[in-house]
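Novice: Now for the letters of each chain:
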Amino acid sequence: MRLAKKPFIPLLVAGALMTGGVASAKTFIHCSEASPQGFDTALYDGSETLDYGPNIYNGLVRFTFGTTDIAPDLAQSWDISDGGKTIVFHLRKGIKFHKTDWFTPTRDFNADDVIFSLMRQKEENNPYHNYAGPYLYFNAMGMPDLIKDIVKLDDYTVKLVLTKPDAAILPDLKMEFALILSKEYADQLLKAGTPELLNRKPVGTGPFQFVAYKKDAFVRMKANPDYYRGKQPIDNLVFAITPDASVRYQKLKKNECQTMPFPNLADLDAMKNDPNLKVMEWPGLNVGYLAYNTRRKPFDDVRVRKALNMAIDKKAIIKAVFHGEGTIAKNPMPPTVWGYNDEVKDDPYDPQAAKALLKEAGVSKLKMKLWAMPVQRPYNPNARRMAELIKADWAKISVRAEIVTYEWGEYLKRSRAVDRDGAVLLGWTSDNGDPDNFLGTLLDCDAVGSNNMAQWCYGPYEALIQKAKTLVGQRDKRAELYRQAQVIFKAQAPWATIAHSKVHVPMRKNVMGYHKDPLDRHDFEGVDLVE
Amino acid sequence: MIRVLIYRIGLLVPTFFGVTLIAFGFIRMLPGDPILALAGERGLNREFYLKLLHDYGLDLPLWKQYLVYLQNLLHGDLGVSIVTQKPVLSEFFSLFPATMELSLVAMTIAVAIGVPAGVIAAVNRRRALDYMIMTISLIGYSMPIFWWGLVLIIVSSGILDLTPVAGRISMLYFFPTPTGFMLIDSLLSGEPGAFKSALSHLILPSLVLGTIPLAVIARQTRSAMLEVLSEDYVRTARAKGLPVLRVIALHALRNALIPVVTTIGLQLGYMFAGALLTETIFSWPGIGKYMVDSVFRRDYPVIQGGLLLIASIIMIVNLVVDLLYGLINPKVRHRA
Numbered sequence: 002m003r004l005a006k007k008p009f010i011p012l013l014v015a016g017a018l019m020t021g022g023v024a025s026a027k028t029f030i031h032c033s034e035a036s037p038q039g040f041d042t043a044l045y046d047g048s049e050t051l052d053y054g055p056n057i058y059n060g061l062v063r064f065t066f067g068t069t070d071i072a073p074d075l076a077q078s079w080d081i082s083d084g085g086k087t088i089v090f091h092l093r094k095g096i097k098f099h100k101t102d103w104f105t106p107t108r109d110f111n112a113d114d115v116i117f118s119l120m121r122q123k124e125e126n127n128p129y130h131n132y133a134g135p136y137l138y139f140n141a142m143g144m145p146d147l148i149k150d151i152v153k154l155d156d157y158t159v160k161l162v163l164t165k166p167d168a169a170i171l172p173d174l175k176m177e178f179a180l181i182l183s184k185e186y187a188d189q190l191l192k193a194g195t196p197e198l199l200n201r202k203p204v205g206t207g208p209f210q211f212v213a214y215k216k217d218a219f220v221r222m223k224a225n226p227d228y229y230r231g232k233q234p235i236d237n238l239v240f241a242i243t244p245d246a247s248v249r250y251q252k253l254k255k256n257e258c259q260t261m262p263f264p265n266l267a268d269l270d271a272m273k274n275d276p277n278l279k280v281m282e283w284p285g286l287n288v289g290y291l292a293y294n295t296r297r298k299p300f301d302d303v304r305v306r307k308a309l310n311m312a313i314d315k316k317a318i319i320k321a322v323f324h325g326e327g328t329i330a331k332n333p334m335p336p337t338v339w340g341y342n343d344e345v346k347d348d349p350y351d352p353q354a355a356k357a358l359l360k361e362a363g364v365s366k367l368k369m370k371l372w373a374m375p376v377q378r379p380y381n382p383n384a385r386r387m388a389e390l391i392k393a394d395w396a397k398i399s400v401r402a403e404i405v406t407y408e409w410g411e412y413l414k415r416s417r418a419v420d421r422d423g424a425v426l427l428g429w430t431s432d433n434g435d436p437d438n439f440l441g442t443l444l445d446c447d448a449v450g451s452n453n454m455a456q457w458c459y460g461p462y463e464a465l466i467q468k469a470k471t472l473v474g475q476r477d478k479r480a481e482l483y484r485q486a487q488v489i490f491k492a493q494a495p496w497a498t499i500a501h502s503k504v505h506v507p508m509r510k511n512v513m514g515y516h517k518d519p520l521d522r523h524d525f526e527g528v529d530l531v532e
Numbered sequence: 058m059i060r061v062l063i064y065r066i067g068l069l070v071p072t073f074f075g076v077t078l079i080a081f082g083f084i085r086m087l088p089g090d091p092i093l094a095l096a097g098e099r100g101l102n103r104e105f106y107l108k109l110l111h112d113y114g115l116d117l118p119l120w121k122q123y124l125v126y127l128q129n130l131l132h133g134d135l136g137v138s139i140v141t142q143k144p145v146l147s148e149f150f151s152l153f154p155a156t157m158e159l160s161l162v163a164m165t166i167a168v169a170i171g172v173p174a175g176v177i178a179a180v181n182r183r184r185a186l187d188y189m190i191m192t193i194s195l196i197g198y199s200m201p202i203f204w205w206g207l208v209l210i211i212v213s214s215g216i217l218d219l220t221p222v223a224g225r226i227s228m229l230y231f232f233p234t235p236t237g238f239m240l241i242d243s244l245l246s247g248e249p250g251a252f253k254s255a256l257s258h259l260i261l262p263s264l265v266l267g268t269i270p271l272a273v274i275a276r277q278t279r280s281a282m283l284e285v286l287s288e289d290y291v292r293t294a295r296a297k298g299l300p301v302l303r304v305i306a307l308h309a310l311r312n313a314l315i316p317v318v319t320t321i322g323l324q325l326g327y328m329f330a331g332a333l334l335t336e337t338i339f340s341w342p343g344i345g346k347y348m349v350d351s352v353f354r355r356d357y358p359v360i361q362g363g364l365l366l367i368a369s370i371i372m373i374v375n376l377v378v379d380l381l382y383g384l385i386n387p388k389v390r391h392r393a
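For the record, the sequence lines run as chains H and C.
Each residue of the first sequence is one higher than the one before, starting from 2 at the first, in my numbering.
Each residue of the second sequence is one higher than the one before, starting from 58 at the first, in my numbering.
Everything hinted at is true.
Computed list of lysine to aspartate or glutamate pairs in DMTMM-like fashion (alpha-carbon distance at most 25 Å, straight line):
hint	chain 1	residue 1	chain 2	residue 2
1	H	Lys-254	C	Asp-218
2	H	Lys-491	H	Asp-351
3	H	Lys-316	H	Asp-347
4	H	Lys-216	C	Asp-134
5	H	Lys-215	H	Glu-34
6	H	Lys-279	H	Glu-34
7	C	Lys-108	H	Asp-146
8	C	Lys-143	H	Glu-49
9	H	Lys-273	C	Asp-218
10	H	Lys-503	C	Glu-98
11	H	Lys-123	C	Glu-98
12	H	Lys-153	H	Glu-185
13	H	Lys-86	H	Asp-156
14	C	Lys-108	H	Asp-447
15	H	Lys-517	H	Glu-532
16	H	Lys-232	H	Asp-524
17	H	Lys-94	H	Glu-185
18	H	Lys-216	C	Glu-248
19	C	Lys-297	C	Glu-284
20	H	Lys-491	H	Asp-420
21	H	Lys-346	H	Asp-477
22	H	Lys-94	H	Asp-155
23	H	Lys-149	C	Glu-104
24	H	Lys-215	C	Asp-134
25	H	Lys-153	H	Asp-188
26	C	Lys-108	H	Glu-197
27	H	Lys-414	C	Asp-112
28	H	Lys-414	C	Asp-350
29	H	Lys-123	C	Asp-112
30	H	Lys-414	C	Asp-116
31	C	Lys-143	H	Asp-188
32	C	Lys-108	H	Glu-411
33	H	Lys-192	H	Glu-125
Where chain C lies over chain H, by a calculated footprint (3+ residues, C-beta under 8 Å):
hint	segment
34	38 to 47
35	129 to 137
36	213 to 226
37	233 to 242
38	250 to 261
39	410 to 420
Because the hints were derived from the structure by calculation, they are not lab data.
On a predicted model such as this, the values are computed, not experimentally measured, just so you know.
We treat Cβ as the ideally placed atom computed from N, Cα and C, and that holds for glycine.
Excised from the complex, chain H in its bound form:
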């Protein structure tokens, strides 16, 4: 069926294949960057897949639009007790799961769905434990050890029991691995011997319901008529899979799609000057950094690390690598995360002082490896170029760097080795908007040999981070501890903090209601096309 003559103009259609009898349809097309790996978002961690999370499902909690503030979603409220080890969630009533061609729900959302959605990831004997691959994110976030149990108190009350207090548990539950699926649907599929359809024909409670998917071509969704926050202004939502950024731009210009992610930074000026387009931008929840191996000589000496940091011209990097679309990082987390310490002073760019500091540390004619990532990431769009700039900067203080790179998986594996040689360019995009997801995940002692690429374990810093983790629901106290931790980090310099990139979403001028998502998801709840 033809849905519209021009995508931005709502029109009459003869049939109602996608909208079940509705005679007119407003179709919104998003040119997405890649095919989803599946639709059960607990199984994956790539943004091309996680983008479907907020469109198809709901979680117990969510972010208030545009912020990292936790707000109720399927849980109306919660009570924290037992020193933060127990959280009782009071669930919303009257929430409908999607009614589709392949599933007709006979009941509303309830506690069974919450228990199913989370415990299938923990319990190895659950028939959905390994039905379509491992639950990578659940494991990466340490949930198997953290979650002790989830108990149903009644149909609309569940109790989450943790093995230890974890102040980041609510933001964790906002993540895509914790989105709520229908247990009734899962049971039905199991009975039919087709559990894999849970991942291919998703059923959720979110603003859009799945219609069809064609690999490398499109994902089609339509508005959920029973959505609890109201039916969406658009009728159909299509993700047109368009891997090349230049082609996405051309499609946007021709109105073959109305929004696109990940533009080429070099195209941004032209996009901003196009009268038919606008570019929404906001600071990304990310940091790009250079991690020394603080366990190897001479990088175990803070003076050496400081000297190398002072020799890096970050302004030049922002200009050359980020096309000016980034900000200099002075802390290991971006300013948009609460607890950020703006009082911290960055190491000045001062090659002469750097040279003197190296001399004071007794280091001369230093030769070292400089690792450049083989992939593009928002926090580092061109690691090779960045490495070349840093190499040239260091040459000015008589440090000779050899740039090395490896295949991405291998790069990450070797970077994590405790005895790794040299300094590694890498970065991080927040999972949940919580400060611990930067300061703890990337820099605490537990993360040595894994995400702590500096292999840095420093007592005074560690004490602050571990204390903050236990202060469940005490944001102000935690923020103060994190501010102190950032001061220690800066003084000890396990990294050269380089940049925070911006997120850009180019779109047609007539797109209204698009929300800036701090985690860069493309959430189309409330989005509309106007004349």
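Following the hints, put chain C in place on chain H, whose structure we already have.
Specialist: Positioned in the frame of chain H, the structure of chain C alone reads:
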């Protein structure tokens, strides 16, 4: 002829097993593994990593993994994608029609333009027309496909507004696609404008994919024609006063076609396997892009299965080309 056919089919069996070995070994020579690729930046603890290696049979000795792979293959099982958990065969079957449709249209364009261009160049040897055609074909042959595709998009879609930018059909159409061939499915759908939309989406990618084969075919046709045109029987035919067109089309071209058909066959094989860049630029959901994504993700079953299927297609195309010789040239048929 039948003996030749049996001999050729017999040769396919060891070739097939050779391909399985190469496909299996090639991907394992690359650094990294599927689990590392799955884990990404967040990483996995060592215990979970080892568990996953075990779950996917990747902790077995290589020879055992190969035997398991062969055993499954003999049962018609190409395995399941580690990333999507879907059977490799069904993924390929769902994507292959798109690649085939694009390749066939591109080859039709390449043959329809390349063969006459080669003939014209040969007939006008060392004249301006010859130089012009050969220069254009050289440019076509040397063209970086990615750049060429983007130029066509910017000019034809962006500036002139003649063609859509990318995809197989406008996203505003949605109908069942039983054959997977969008031209056929759009016709079957009965949707007004659907066929036109599908056809217009095919123009740029097929031009881009057809550019190199077109250049190769034109040059091959010219060279084969020049050889045939200097043969005695052609001179005799001309001396007898037969019309030039008849001499060229009936006597010369038919004999010149043998190497051209070989070239077409080989190019078609390469197209099936090598439409990757075109598929990526034009968001064309075919097997080329799927394969490359799988290499980056170290999705062993997909790479192994894909290489095997592509190699099988190339082998079959070559076999068909060999058989076609007999139809084109009776001498070959009689020798057989």
